[in-house]
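Enquirer: Below are the chains, spelled out letter by letter.
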Amino acid sequence: MTFTGEFIAFMALALVAIIGGVLLLNLNKVVHMVVALIFTFVSIAGIYILLSAEFVAAVQVLIYSGAITIIMLFGIMLTKPYDDSEAKTGKWRKILVFLGVVGFAIAVYLGIYNFDIKQQPSTLHEDNTMQIGKALYTQYIIPFEFVSVLLLAALIGAIILAKREDKEADKE
Amino acid sequence: MSYETFSQINWSIMTPEFIILGVIAILILMDLFMPKTLDRKILGWIGITATFAAMVYTAAMAGGPVQSILHDTFRIDSFAIAFKLLILVGGALVLFLAVSYEPKDGVERYQAEFYYLLLTAMLGGMLMTSSGDLVTLYIGLELLSITSYILAGIRKFHPQSNESAMKYVINGSISSAIVLFGMSYVYGLTGTTNLLNIANELAALANSNHVYLLTIAFLMIVIGLAFKISAVPFHMWAPDVYQGAPTPVTAFLSVVSKIAGFVIVIRILLTVFGFAATKGPGSPPILYDMQNYLAVIAGATMIVGNVVAIKQTDIKRMFAYSSIAHAGYLIVAFTSLTTNMFQAIWFYLLAYLLMNLGAFAVIQVITEKAGSTKIAEFAGLYRRAPVLAVSMGILLISLAGFPGTAGFIGKLNIFLGTFYAEPSHYVLASIMIATTVVSYFYYFRVMTQMFFRPAADESKFSIPFGILVVLIVAVAGSVLFGIMPNFAFDFLQNNLDILGDFFK
Amino acid sequence: MSQVPASAFLALALILFCIGLYGALTKRNTVIVLISIELMLNAVNINLVTFSKYGLYPSINGQVFALFAMAVAAAEAAVGLAILMALYRNKKTVHIDEMNEMKN
Amino acid sequence: MENAWLIPLFPLLSFLLLLLIGKRMKEASAYVGILMTLASLVFSILVLFERFQEPSYLVKFNWLTIGDMHLTAGFEVNQLNALMLFIVSLVSFLVHTYSKGYMHGDERFHIFYAYLGLFTFAMLGLVISPNILQTYIFWELVGVGSFLLIGFYYYKEEAKAAAKKAFIMTRIGDVGLLIGMILLFWQTKSFEYSEIFKAVEAGSVSNTMITLTAILIFIGAIGKSGQFPLHTWLPDAMEGPTPVSALIHAATMVAAGVYLVAALFPVFSASKTALLTVAVIGGFTAIFAASIGIVQTDIKRVLAYSTVSQLGYMMLALGSAGYVAGVFHLMTHAFFKALLFLAAGSVIHAVHTQNIEEMGGLWKKLKWTAPLFLIGTLAISGVPGLSGFFSKDEILAAAWEGGHPVLFILALIAAFMTAFYMFRLFFMVFTGENRGNQKEVHESPSVMTLPMLVLGILAIVGGYVNTPWFGSFLGDWLVDGNTALGHAHIEGPAWIMFAATIVSLAGILLAYLIYGKRSIAPDWLSGKGGILHTILYNKFYIDEFYQITIVAITKGISYFLRFIDVFIVEGLVKAVTGMVQGLGNIGSKLQSGQVQTYGAVAFLGLAVLVVIYALTGGYLR
Amino acid sequence: MNLQSILSILVFSPLLGIIVLALLPKTQEKAVKAIGILATLPALILSLAVYAHFLAGKNLSDFSISVPWIKFRGINAQEPFFTVSYELAVSGFQLVLVVLTAIVSTLAAIGAAKFIKKEWKGYYMLFLLLLTGMLGVFTAENLILFFIFFEITLIPTFFLIGKWGYFEKEKAAYSFLLYNGLGSAVLLIVIMILFAKTGTSNIEILRQMMADPSGPLKDGFKLGLFIALLIAFGVKLPIFPLHTWMLRVHVQAPPSVVMIHSGILLKIGAYGLIRFGMGIFPKQFESLATLIAILGVINLLYGAFLAFIQTDFKMVLAYSSISHMGIVLIGLAAMNEAGIQGAIFQVVSHGLISALLFFLVGVIYERTETSFIDKLGGLAKGMPLAAGFLLAAAMASLGLPGMSGFVSEFMAFLGLFKVEPWIAAVGTIGIIMTAAYLLRAVLGMTYGKARREFDGGLDLKGAELVPVFVLMLLIVLIGVYPSVLSSPLQATLETILLGLGG
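Residue numbers (our numbering), protein chains in the order written: chain G, 1 to 172; chain L, 173 to 676; chain A, 677 to 780; chain Y, 781 to 1401; chain B, 1402 to 1903.
Accuracy of the hints is not assured; some may be wrong.
[Unchecked claim] DMTMM-like, lysine to aspartate or glutamate: derived pairs with alpha carbons at most 20 angstroms apart:
(1) Y:LYS936 <-> B:ASP1775
(2) B:LYS1862 <-> B:GLU1767
(3) B:LYS1518 <-> B:GLU1430
(4) B:LYS1598 <-> B:ASP1620
(5) B:LYS1782 <-> Y:GLU937
(6) Y:LYS1145 <-> Y:ASP1256
(7) B:LYS1472 <-> L:ASP669
(8) G:LYS134 <-> L:GLU176
(9) B:LYS1776 <-> Y:GLU938
(10) B:LYS1518 <-> B:ASP1860
(11) Y:LYS1335 <-> B:ASP1713
(12) Y:LYS803 <-> Y:ASP886
(13) B:LYS1572 <-> Y:ASP1345
(14) Y:LYS1369 <-> L:ASP486
(15) L:LYS546 <-> L:ASP486
(16) B:LYS1850 <-> Y:GLU887
(17) B:LYS1782 <-> Y:ASP886
(18) B:LYS1519 <-> B:GLU1430
(19) Y:LYS840 <-> Y:GLU975
(20) L:LYS276 <-> L:ASP211
(21) L:LYS208 <-> L:GLU280
(22) A:LYS768 <-> L:ASP277
(23) L:LYS208 <-> G:GLU165
(24) L:LYS546 <-> L:ASP277
(25) B:LYS1619 <-> L:ASP669
(26) B:LYS1684 <-> B:ASP1620
(27) L:LYS546 <-> A:ASP773
(28) B:LYS1819 <-> Y:GLU975
(29) B:LYS1850 <-> Y:GLU938
(30) B:LYS1459 <-> B:GLU1569
(31) B:LYS1850 <-> Y:GLU937
(32) Y:LYS1147 <-> Y:GLU1213
(33) B:LYS1623 <-> B:GLU1687
(34) B:LYS1782 <-> Y:GLU887
(35) L:LYS483 <-> A:GLU777
[Stated by the list, open to error] Which chain B residues stay away from chain Y? Per the calculated CB distances, all over 12 angstroms, these:
(36) GLN1429
(37) GLU1430
(38) SER1465
(39) SER1486
Just so you know, the hints here were simulated from the structure itself, not pulled from any lab data.
The beta carbon of each residue, even a glycine, is placed where N, CA and C say it ideally should be.
Go ahead and model the full structure; you've got the sequences and the hints to work with.
Expert: The following block contains the structure:
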């Protein structure tokens, strides 16, 4: 196996993504976790580029950097900085979940480790955005429209739920 | 897409969805422009009217040919019509409950939102019934789910409501991630999101590695979707969410959302895995191979639902477990994989819809008046409100599956399939019947409270109009379909050739 | 054309999915739980995009699907956070293990 | 004879009539009963006389169809039946009459007569039954009549216990009869006597089967006739009104056992073992009961044990192939024992006690009763010239000829004892000083003494129908050439008659010496409290024995079963429901409210399924 | 009138009463009671009319009706539908049970007017529903229809016990529901397996299908189904060890309900065993005959011994019912005319006798507020009529000739002695024990010293005498002239025996 540039790039990105994920699990401060996660998300965007999905990568960066920023703000806003002592209960749950995750991962990995498909030349990278656009506006127009409904509903929902209002004041 | 191509698309088959969508838009606008002091109930009635219009339109499409637009991302086949009708009926009845719901804990300010979010969730369910594409299915699913999360938490000043929404959202997101993960493998092995194309590709599947991967994907999809139908092992959210959510929303979750869940389960499992060969073309499909796994899930669901329900003291929690149990019965019907499966599931869902919504109507009246959801609040109901008590009695009998009610016919139908299938699922049927007997325990405990116990409080009830409508429909329907099930069967048999349409 | 096999991408997705899952099921801070779920969805997207290029039948559909998934994920996160805020107002906590008012 | 079926119906009519309107009729009820039984008596006499000229008469009709088997009901008149009809209706009529005086003033007077009617109906029905099933039916019905009448004084605990005991103990016997009857049916395919006899004669029934069924049927007779070991109910049955004792527990019902054996005599005689069993049980009972009778102090109990003993005698006769002897003694016994009971009733009526130690010296006060009682006593003791003498002689001859010397000796001893205790009774009641404290003792009204008189006459002359001297008219008629029934008259050695006479006179003499002249102390052999006396007085502790064996075992089984019922059967149920509840508890506990647990359970479910698939069905295979 | 519709009218006539009652205000107590009783009469009259029709020598199949009812989606082109028909018919056996049901129900309705102290309206409505269920059970010609009626009886009974019973009524009601639920669950499985595997649920067709050795089911499988059926009806009958629920019901339920329960509902078990167990699975029944005989003897003795030590008369009667149902099993196990006819006779006879006994217990309880033997005693003084009838009923129960109990007991044993003499011989102990426990209990209550003061007017009076007289009359009638019962049964017996023999 020769070390092509793509391979190195993949290894680097994958490593960053995984390390980010592992840090998410092991860090204690919320801010640190969130920062670690940013690395993960960004490197995932890089992976997308490797997979000739430039548009998706761009969206990834846009959405997640934006979203993560907000989430981070929330996280800091809502929690006391060092108050993340792990609950004493649930130790067994952790162990069980870990075992489950490992078993699951192995079982799935058996299915994918030699998923060796003869790689065909793909044209995805050519006018990637246009291809996506075409697909969206021909085949996927219905789901596309419904996603907008979904986003609208989510927006309204988020607003009514998160809106700060004084219970007493309203009664007057 | 040019205008011509756009206009050539037969958009008329989406009319029911458009009606609902349009009304949602109208409601949003009306809410914005109505003075704050005005009662929003009128919006609810508009929603109900729209639902009925959609229902009529859908019913009118029955008997027609299979029609699909845009690469099957939207299709109208008999399956879609049959289950869309169920969702619409369920949705309409839930709306009746909703307009009779005396808002508290924050809902009072968002009454209009309450109505149109319900309609939106219903819209998601409708979309799911008539999609032949993974993406559409997924979007429909999420449309339903996300609005449901909001609805569960809409009593924003009520800690239990918040908690229930939070639990719902976390579990729901995990489940949808799992489902998507499974779907991604399905996509990977076929390169398309169109269900029928997927089926075609997979019918020739021969590589054992791919079969393995696909089967793993099958399990992920099944478990992920188990969330929607509240089947074991993804059932545990249900009691907490049902308890905390406003009662009409609980009713919605237990009925409409569950119907939609079964729709997606049937759609995906049957088309994708019902054709995916295990050893090359002509070999038995993965679905048959995995029948035992489904059976285990069905058995566990029935046992858990019924057994744990015995311990409940909260009526809504009890009904949550009861709805888990009923999901189990429905999975039994699915597991049998006979040709009468569609009829069995559809009829059982219809029966379940009627009896469960009727029961929730009563629950809503009682719990609102009492301000508590304890079963003990039903004590002496027969004295206080004989109509409510007798109605509830009939509905409980139907839920328990006694003859003379739709619940019984539904169960018969399931048994018929179970025993007809080769090999017959004797164990599964035995579990089903045994747990049914266990269910008598808790259904009749409510009866005991209503009929045998003295009431702590002798005050009478006033029954709101909406509740009355639901009760009449539910009780009359339960009894009618219990005595004359042919009304439903004939409709299905004469107008809707589900089996013939499904794979077209 | 490329030396990086499809299985490597799939494995990465699997690992991230598992990390996300583990986080979602064990972390105590609800915000982190929600983020972990996002991570799971991202893993799914990697899968979709990978199959879009290296699947048995490559097609653009995978990428489109991934975009849909992202949109939905964003909505989900937004709603989740909104609910968390409402909850926080009433209970003054974001610890997931303290949301146990309803049980048994 | 065509109308013989009417005979039982008269008393039935009386029964129904009195049940419905008796309450209003008060003591006029008696007339209904008396009239009806009189009608029966008249018909019976007619039938009896007709029977002298004409052959047997049998009518039957379908009663119950079982598949292709037709069970019939009907009536039959043959020699034995006709004789029994006469005896039963006669005694019944007399008792009906007597009771009018005896029961005078009882508030349930009409009920008494109703019961009497029921009993008489059943007894008459029993004797004209042409098949064993019908016999069984009436057999049970007489039991009920007896039960009701024993328990007539329902408020007395003793009466209640006695009635219950009578019913249950006879039922034990009845079950034997039932089994025997059913077995016989499946062997012969019929319940008809005639069919059964035919089949037995034709040898189509195996010997063992005959023996088995005969013994089973005999168990029925044991129960009804108070033979050992099912005899204990009979003395207790004396709790009933005395006329009842006379009718049921002396003359008719208890003799039904004897009648049954006689009616089925061809079956019994086909099996040596069965006959021997009958003879041994009869002989033993005769002496056994007599020995108890010696020490009893209750006038009715003495008579009761005497009845048991005499019934044993009859069984002994039948068992020794003395068909005629048995039936003959049945008849004479009916007369004199009924007489004795009625007389005893008259005494009790006069002195209001049954304890003979509180009586004495009543000879002068009871001008009619006393001599009649004496006649009865003489007759039962076998004093020559009276009826008992002839029948007893016949039995002794049968026993001797039957080749059972031991049984013959037993019978002789029993005869001695009989004479002794009967005269002990007589002397204690009627002679000597009055030991009681009765102020005024009146003779009974004529409505009571007249029936006694009739019986007294019969007790004297009844024996002359079958004597060694004037010809065995009864025997010839009864047997009528039917070889299955044995000889019409058994010609025993002449010394038997002398021996019998001597034995009975010796008994009387001894009784006179002890109780009449008092020249021998009553406790010369074993005084009160002595071992022998105690054992006899307590009836060999049979009741107590049953109490600690059968009753205790039954109760033990019951309690054991209750233990099973409560702990094992119910316990299993509790275990199952407990398991369901426990599962519910576990499930409910698992529902901890922790949302991550919910997710974890779901995911672990997935993981487990996936891993199972990987390990078994999937890729690794 | 169209003969075919008569059975439907017969079965559903009580529903009319329900409707009328529903419209009647609660406060009209007298009218409620009157209508409750009157509504049972159409069924009684019609059933007697059908009986008269039979006596007139006409064919009972005139009444058969069959209308397609439910069409389940079939499996393939050959069988597009699984049709369940609405099929009612009567054979002689069924007719006898229908008449019995109608009579006992009317009498129980009369009794209820006396024993029930509150909420007559609800009581009678449920009672009439129960009546419809029972009549339906005995006339259904179709397994699924049978099951529907069978389950319909459960719910009203649950309420009747749970609402109008004595102290532990709810527990008893639950016991009843769960045991019977379980029994009917097993039954449902059997029915649905038969239905799914053969495509029909018509009893006649199934009988023919099962008799055909080349039929769709294998022998071993049929045996399994039969055992399941035995369990299902064993709960109802009840067969040891499935009996405990029945004790509670007998003690806790109101007397008028126990009259029905013990008189009719238990008989459904026997009916099912005969009609379906023997009718559809004759070979399987034959292979288990010895086991059934042993079960019968166990039932007989177990019930008898336990009845012997009970202190509550209701418990005595409850165990006595178990014991008497043993005789049904004994008769059936004989597998011959005598046995089966005996079993059927026992079904009818026990129905009448236990109805009478429980009615009397109800009267006594109403007057004295106890049914404990040692708290009563000497009743013959205060209530001679009641005591007399109680004694007579006990005599009938213990198999006194001249009453119905004897005929059935006799035939059952007659039958069994032919095939299993030893088992039968053990069983005869039961006859003695029956006498022992019944006399112990009845004499304990009616004889002896009175334990309490009886004021005047305690005895049976007025309308109370009607049920007592009618029942007693029937008991004696069957006892004296059993052909009245046996002649309608002949055809049924022939069919059953044909199945056993052929």
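Enquirer: Evaluate each hint against the coordinates.
Expert: Do the hints match the structure? See the list:
Taking the CA atoms of LYS936 of chain Y and ASP1775 of chain B, the gap is near 16 angstroms; set against the 20 angstroms cutoff, the hint holds. At most 20 angstroms may separate the alpha-carbon atoms for a hinted pair to count; LYS1862 of chain B and GLU1767 of chain B meet this at roughly 13 angstroms. A hinted pair counts as satisfied when its Cα atoms are at most 20 angstroms apart, and LYS1518 of chain B with GLU1430 of chain B qualifies at roughly 11 angstroms. A distance of roughly 14 angstroms separates the Cα atoms of LYS1598 of chain B and ASP1620 of chain B; the hinted pair therefore holds under the 20 angstroms criterion.
Our distance criterion of 20 angstroms between C-alpha atoms is met by LYS1782 of chain B and GLU937 of chain Y, whose separation comes to about 14 angstroms. Distance hint between LYS1145 of chain Y and ASP1256 of chain Y is unfulfilled; the C-alpha atoms sit about 44 angstroms from each other, more than 20 angstroms. With a C-alpha separation of about 15 angstroms, the suggested pairing of LYS1472 of chain B with ASP669 of chain L holds against the 20 angstroms cut-off. The straight-line distance between the Cα atoms of LYS134 of chain G and GLU176 of chain L is roughly 16 angstroms, inside the 20 angstroms bound, and the hint therefore holds.
Taking the CA atoms of LYS1776 of chain B and GLU938 of chain Y, the gap is about 19 angstroms. The hint holds against a cut of 20 angstroms. Distance restraint check for LYS1518 of chain B and ASP1860 of chain B: the Cα-Cα separation of roughly 19 angstroms lies within the 20 angstroms cut-off, and the hinted pair is therefore satisfied. Proximity of LYS1335 of chain Y to ASP1713 of chain B is assessed by CA-CA distance (about 16 angstroms); at most 20 angstroms being required, the pair is judged to hold. The suggested pairing of LYS803 of chain Y with ASP886 of chain Y holds, with an alpha-carbon distance near 12 angstroms, which does not exceed 20 angstroms.
Restraint check for LYS1572 of chain B and ASP1345 of chain Y: satisfied, since their Cα atoms lie roughly 18 angstroms apart, inside the 20 angstroms limit. Between LYS1369 of chain Y and ASP486 of chain L the alpha-carbon distance is near 15 angstroms, which keeps this suggested pair within the 20 angstroms criterion. Restraint check: the Cα-Cα separation between LYS546 of chain L and ASP486 of chain L comes to about 4 angstroms, which is no more than 20 angstroms; the hinted pair holds. About 17 angstroms separates the Cα atoms of LYS1850 of chain B and GLU887 of chain Y, which keeps this hinted pair within 20 angstroms; it holds.
The straight-line distance between the Cα atoms of LYS1782 of chain B and ASP886 of chain Y is roughly 14 angstroms, inside the 20 angstroms bound, and the hint therefore holds. Between the alpha carbons of LYS1519 of chain B and GLU1430 of chain B the distance comes to roughly 10 angstroms, so the proposed pair stays at or under 20 angstroms and holds. For the hint linking LYS840 of chain Y to GLU975 of chain Y, the alpha-carbon distance of about 13 angstroms falls within 20 angstroms, and the restraint holds. At most 20 angstroms may separate the alpha-carbon atoms for a hinted pair to count; LYS276 of chain L and ASP211 of chain L meet this at roughly 14 angstroms.
For the proposed pair LYS208 of chain L and GLU280 of chain L, the alpha carbon gap of about 11 angstroms is at most 20 angstroms, so the pair holds. For the hint pairing LYS768 of chain A with ASP277 of chain L, the CA-to-CA distance comes to about 17 angstroms; that is within 20 angstroms, so the pair holds. For a cut-off of 20 angstroms, the pair hint linking LYS208 of chain L to GLU165 of chain G stands: about 16 angstroms separates their Cα positions. Between LYS546 of chain L and ASP277 of chain L the alpha-carbon distance is near 19 angstroms, which keeps this suggested pair within the 20 angstroms criterion.
For the given pair, LYS1619 of chain B sits about 35 angstroms from ASP669 of chain L by alpha-carbon distance, which is inconsistent with the 20 angstroms threshold. Proposed proximity of LYS1684 of chain B and ASP1620 of chain B is supported: the alpha carbons are some 9 angstroms apart, at most 20 angstroms. Of the supplied pair hints, the one linking LYS546 of chain L and ASP773 of chain A is violated, its CA atoms being roughly 25 angstroms apart against a limit of 20 angstroms. For the proposed pair LYS1819 of chain B and GLU975 of chain Y, the alpha carbon gap of about 19 angstroms is at most 20 angstroms, so the pair holds.
Distance check on the hinted pair: LYS1850 of chain B and GLU938 of chain Y sit about 11 angstroms apart at the alpha-carbon level, within 20 angstroms; holds. Restraint check: the Cα-Cα separation between LYS1459 of chain B and GLU1569 of chain B comes to about 49 angstroms, which exceeds 20 angstroms; the hinted pair is violated. Restraint check for LYS1850 of chain B and GLU937 of chain Y: the C-alpha separation of about 7 angstroms stays at or below 20 angstroms, so the hint holds. Restraint check for LYS1147 of chain Y and GLU1213 of chain Y: the C-alpha separation of about 17 angstroms stays at or below 20 angstroms, so the hint holds.
Pair hint LYS1623 of chain B plus GLU1687 of chain B holds up; C-alpha atoms about 12 angstroms apart against a cutoff of 20 angstroms. Proposed proximity of LYS1782 of chain B and GLU887 of chain Y is supported: the alpha carbons are some 11 angstroms apart, at most 20 angstroms. Simply put, LYS483 of chain L and GLU777 of chain A have alpha-carbon atoms about 17 angstroms apart, close enough for the 20 angstroms limit, and the pair holds. With a closest Cβ-Cβ approach of about 37 angstroms to chain Y, GLN1429 of chain B is found to remain outside the 12 angstroms limit, as its non-interface label requires.
With a cut of 12 angstroms on Cβ distances, GLU1430 of chain B stays outside the contact zone with chain Y, its closest approach being about 34 angstroms. For SER1465 of chain B, the condition that its CB be more than 12 angstroms from all CB atoms of chain Y holds, with the nearest at approximately 25 angstroms. For SER1486 of chain B, the condition that its CB be more than 12 angstroms from all CB atoms of chain Y holds, with the nearest at approximately 32 angstroms.
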